[in-house]
Amino acid sequence: MQFGIFSVSDITTDPTTGRTPTEAQRIKDIVTIAKHAEQAGLDVFALGEHHNEPFFSSSPTTTLAYIAAQTTTLQLSTATTLITTNDPVKIAEDFAMLQHLADGRVDLMLGRGNTGPVYPWFGKDIRAGIPLALENYGLLHKLWREHVVDWEGKFRTPLQSFTSTPRPLDDVPPFVWHGSIRSPQIAEQAAYYGDGFFANHIFWPASHTERMVGLYRQRFEHYGHGSADQAIVGLGGQVFMRRNSQDAVKEFRPYFDNAPVYGHGPSLEDFTRETPLTVGSPQQVIDRTLGFREYVGDYQRQLWLMDHAGLPLKTVLEQLDILGEEVVPVLRKEFASLKPAHVPDAPTHASLLAARSEKKEEVQA
Amino acid sequence: MKQRTLVVISSGLSQPSSTRLLADQLAASAVGAAARLGVTLDVQVVELRDLAHEITDNMLTGFAKPALKQAQDAVAAADALIVVTPVFSASYSGLFKSFFDVLEKDVLTDKPVMMAATAGTARHSLVLEHALRPLFAYLRAAILPTSVFAASDDWGANSVEGPLRGRIERAATELAREVERREPATVTDPFALTENFEDMIKNL
Chain P
1 MQFGIFSVSD ITTDPTTGRT PTEAQRIKDI VTIAKHAEQA GLDVFALGEH
51 HNEPFFSSSP TTTLAYIAAQ TTTLQLSTAT TLITTNDPVK IAEDFAMLQH
101 LADGRVDLML GRGNTGPVYP WFGKDIRAGI PLALENYGLL HKLWREHVVD
151 WEGKFRTPLQ SFTSTPRPLD DVPPFVWHGS IRSPQIAEQA AYYGDGFFAN
201 HIFWPASHTE RMVGLYRQRF EHYGHGSADQ AIVGLGGQVF MRRNSQDAVK
251 EFRPYFDNAP VYGHGPSLED FTRETPLTVG SPQQVIDRTL GFREYVGDYQ
301 RQLWLMDHAG LPLKTVLEQL DILGEEVVPV LRKEFASLKP AHVPDAPTHA
351 SLLAARSEKK EEVQA
Chain V
1 MKQRTLVVIS SGLSQPSSTR LLADQLAASA VGAAARLGVT LDVQVVELRD
51 LAHEITDNML TGFAKPALKQ AQDAVAAADA LIVVTPVFSA SYSGLFKSFF
101 DVLEKDVLTD KPVMMAATAG TARHSLVLEH ALRPLFAYLR AAILPTSVFA
151 ASDDWGANSV EGPLRGRIER AATELAREVE RREPATVTDP FALTENFEDM
201 IKNL
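Going down the list, the protein sequences come from chains P and V. Taking my numbering, I'd label the letters of the first sequence as residues 1 to 365. Taking my numbering, I'd label the letters of the second sequence as residues 1 to 204.
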């Protein structure tokens with residue numbers, strides 16, 4: 001199982017000090033956080049994409065390439081790449097390029113984006129979000145698998161004799177996760193292609209996640225990619241830890257109360273009860289995370305949101321250390337002992353390459 | 001006897017409130033009218049005051065906590081609704097509107113809805129026409145022809161059998177007829193897949 005972190009790249013005022021990091025500072029901090037994640041023993045760093053303030057990450061592959069150059073094992077991913085407003089041709093090119101530079105340590109998570117004003121800035125309409133995700137991914141999928149592409153669709157200018165360059169590393173396209181909280185169509189899309197499905201499990205009740213993952217697994221089996229329990233599932237989560245849970249609650253509360261998205265709404269106590277947010281001791285995080293398995297089944301990737309809501313860099317790095325030292329080693333062991341042998345791990349470049357060679361040998365034999 | 005469900009939404013703030021008083025009289029009359037048509041109405045009253053915090057939280061977080069979720073599910077499954085609001089600043093109350101703002105899209109489509117309002121003076125009575133009717137028309141509810149307005153005067157000592165009584169009975173009879181002639185309400189599951197991948201691509 002893979003464990004890692006994801007960042008949405010928000011630039012938020014620290015409510016306890018009133019200080020707001022500059023863009024320059026926050027961008028450098030993200031690099032520090034990603035490198036620290038690898039040092040702490042985590043597997044994945046995923047970066048969001050936004051085209052509006054207060055976020056900085058408009059071009060994730062630039063940042064991820066820079067991080068790739070300074071890490072050796074860290075899997076680089078996105079949370080999410082906008083499949084609606086980006087040109088799928090540019091996604092195909094950018095991520096194949098990144099894949100080469102990072103020696104294959106790249107996958108990506110596609111999302112639609114829920115910020116209404118962003119769509120028209122890119123000539124799109126949020127009401128066509130699902131059709132855009134379907135058509136654009138159809139093209140992206142083709143560009144990575146067919147050398148010369150002729151294509152015509154509804155949302156983009158047609159392509160004649162187009163070859164996306166560079167070609168994917170070893171001709172193995174990056175693995176794709178489709179992220180959605182409550183659109184059954186996206187679970188269906190992920191299942192159809194046999195791709196991964198990521199439920200960003202934060203901010204939402206577990207019952208939503210359970211329904212969506214259940215649908216994805218059932219349809220994954222329907223489309224013949226394996227049994228339902230072999231489908232590739234990832235979950236988002238959010239935690240804040242201190243040795244004593246009361247200290248964690250006390251320290252995190254001002255960040256929670258003022259956070260973008262859920263701030264100035266429900267109490268921390270309500271929100272931790274209703275959603276997977278866990279604020280407490282490392283042991284509480286371990287117990288809660290193991291509990292996710294009870295309603296989504298054996299899953300392949302757990303990402304946590306760590307650098308959100310104005311938490312200072314020092315605190316974020318401490319949180320990564322706690323994850324790396326006390327939480328992830330236990331979770332790795334526990335999840336591994338619970339997982340049946342026929343349930344696969346999250347695909348990596350190496351595993352996809354091996355699977356393809358195996359398939360070729362089968363065909364030859 | 002047919003079994004059907006009636007959910008009553010009351011957004012009065014005081015306890016007791018004249019809004020709830022009107023809601024109870026409308027519900028009781030609807031039960032009686034339905035019984036005469038061979039329909040047993042199971043009534044659930046939702047007091048929005050009790051859900052005020054959860055409604056605001058839902059607006060901010062995008063999901064409903066358990067008590068509000070239970071009320072939303074009851075509305076979705078109801079065969080008919082009676083909605084009653086006090087008039088605040090020449091319209092429905094903010095709390096009343098907020099409840100419908102956070103309701104799942106389309107759950108009121110073709111659902112029989114009886115509208116009612118209360119105020120201190122009869123000069124507000126057209127609030128039913130210029131505020132509530134457009135709201136429920138937008139939500140594609142099957143709005144009953146008779147809506148009921150009650151001002152302070154209507155609760156006076158000499159008005160027990162007055163004009164308000166007549167309006168309540170007429171609205172209740174309309175609601176009962178509407179429920180009686182319809183199939184039981186069905187609830188659509190927002191997480192259910194309605195078309196498979198090939199069809200989604202075909203219908204882009």
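Heads up, some of the hints might be wrong.
[As the list claims (entries may be wrong)] If you only want the chain V side, here are some residues facing chain P, beta carbon under 10 Å, derived:
#1 Ala64
#2 Ala192
#3 Asn203
Everything labelled a hint here was simulated from the structure, so no lab data went into it. Each residue gets a CB set at the ideal place from its N, CA and C atoms; glycine is no exception.
Alanine 192 of chain V as chain P interface residue, shortest Cβ-Cβ below 10 Å: Holds, about 7 Å.
Hinted contact alanine 64 of chain V with chain P - closest CB pair below 10 Å: Holds: closest Cβ of chain P sits about 9 Å from alanine 64 of chain V, inside 10 Å.
Supplied contact hint for asparagine 203 of chain V, tested at 10 Å Cβ to chain P: Holds, about 8 Å.
Violated hints are absent here; each numbered hint is respected by the structure.
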